[in-house]
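K.L.:
Chain residues, written in single-letter form:
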Amino acid sequence: DSGVTQTPKHLITATGQRVTLRCSPRSGDLSVYWYQQSLDQGLQFLIQYYNGEERAKGNILERFSAQQFPDLHSELNLSSLELGDSALYFCASSDAPNTEAFFGQGTRLTVV
Amino acid sequence: AQTVTQSQPEMSVQEAETVTLSCTYDTSESDYYLFWYKQPPSRQMILVIRQEAYKQQNATENRFSVNFQKAAKSFSLKISDSQLGDAAMYFCAYRSYSTDKLIFGTGTRLQVFP
Numbered sequence: 307d308s309g310v311t312q313t314p315k316h317l318i319t320a321t322g323q324r325v326t327l328r329c330s331p332r333s334g335d336l337s338v339y340w341y342q343q344s345l346d347q348g349l350q351f352l353i354q355y356y357n358g359e360e361r362a363k364g365n366i367l368e369r370f371s372a373q374q375f376p377d378l379h380s381e382l383n384l385s386s387l388e389l390g391d392s393a394l395y396f397c398a399s400s401d402a403p404n405t406e407a408f409f410g411q412g413t414r415l416t417v418v
Numbered sequence: 060a061q062t063v064t065q066s067q068p069e070m071s072v073q074e075a076e077t078v079t080l081s082c083t084y085d086t087s088e089s090d091y092y093l094f095w096y097k098q099p100p101s102r103q104m105i106l107v108i109r110q111e112a113y114k115q116q117n118a119t120e121n122r123f124s125v126n127f128q129k130a131a132k133s134f135s136l137k138i139s140d141s142q143l144g145d146a147a148m149y150f151c152a153y154r155s156y157s158t159d160k161l162i163f164g165t166g167t168r169l170q171v172f173p
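Just so you know, the protein sequences line up as chains A and B, in that order.
Under our numbering, the first residue of the first sequence is numbered 307, with each subsequent residue one higher.
Under our numbering, the first residue of the second sequence is numbered 60, with each subsequent residue one higher.
Read the hints as simulated data drawn from the structure, not as lab findings.
Note that the Cβ used here is the ideal one computed from N, Cα and C, for glycine as well.
Treat each hint with caution, since some may be false.
[Stated by the list, open to error] Derived CB-CB ranges, DEER-like:
| id | chain 1 | residue 1 | chain 2 | residue 2 | range |
| --- | --- | --- | --- | --- | --- |
| 1 | B | 137 | A | 381 | 26 to 32 Å |
| 2 | B | 115 | A | 402 | 17 to 23 Å |
| 3 | B | 139 | A | 326 | 40 to 46 Å |
Can you make the complete structure from the sequences, with help from the hints?
P.N.:
Put into structure tokens, the structure is as follows:
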């Protein structure tokens, strides 16, 4: 158990819909990262937050948004969903650049 | 912008043999960290080994070791005495010290044959 909790584990939804993925980082970790992993692909960096502030942005679509709350949990919002958004979405957290980033078990999103 | 390249989509090794996975990266920063993560079929991301760029000594964790060549921007992973449980996707990752951004390569799928 990495200490990073992602909910839900699985999500099936229809095209055009909106979903929210939730991540609770390890206790004390200020940095939260979001990644998208399509089938047999690498991890695409989406966005990073540090202590509530957006720190870095990757290839995140305009239909996607995220935030980190005062209690440090984070949410990734995906709207106007398309079939191609079906993927495993990972959240990771860490407390410093020189330490390991711990990953949650991911949310598997299927858009039908 | 930093990039991480893994040029070997797939590798295979016989049980008990040694295999080396390649990784190169591009950065203009002098302070950073490099990691190898393993992703077994369960899809869980597991840290294998990490290297601080300011350290000249190559990191070692049991059967896993790295060959870190800072000038060449190369960071390869050597797995010795390969075991069936080593079969997985392996991702090389770069982490900026200044921005804390963590980016991954495209991965190498390692197969281990008995």
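K.L.:
Does each hint hold? Answer for all of them.
P.N.:
Outcome of the hint check:
no.: 1; hint: B:137 <-> A:381: 26 to 32 Å; verdict: violated, 40 Å
no.: 2; hint: B:115 <-> A:402: 17 to 23 Å; verdict: holds, 22 Å
no.: 3; hint: B:139 <-> A:326: 40 to 46 Å; verdict: holds, 44 Å
Of the numbered hints listed earlier, the single one contradicted by the structure is hint 1.
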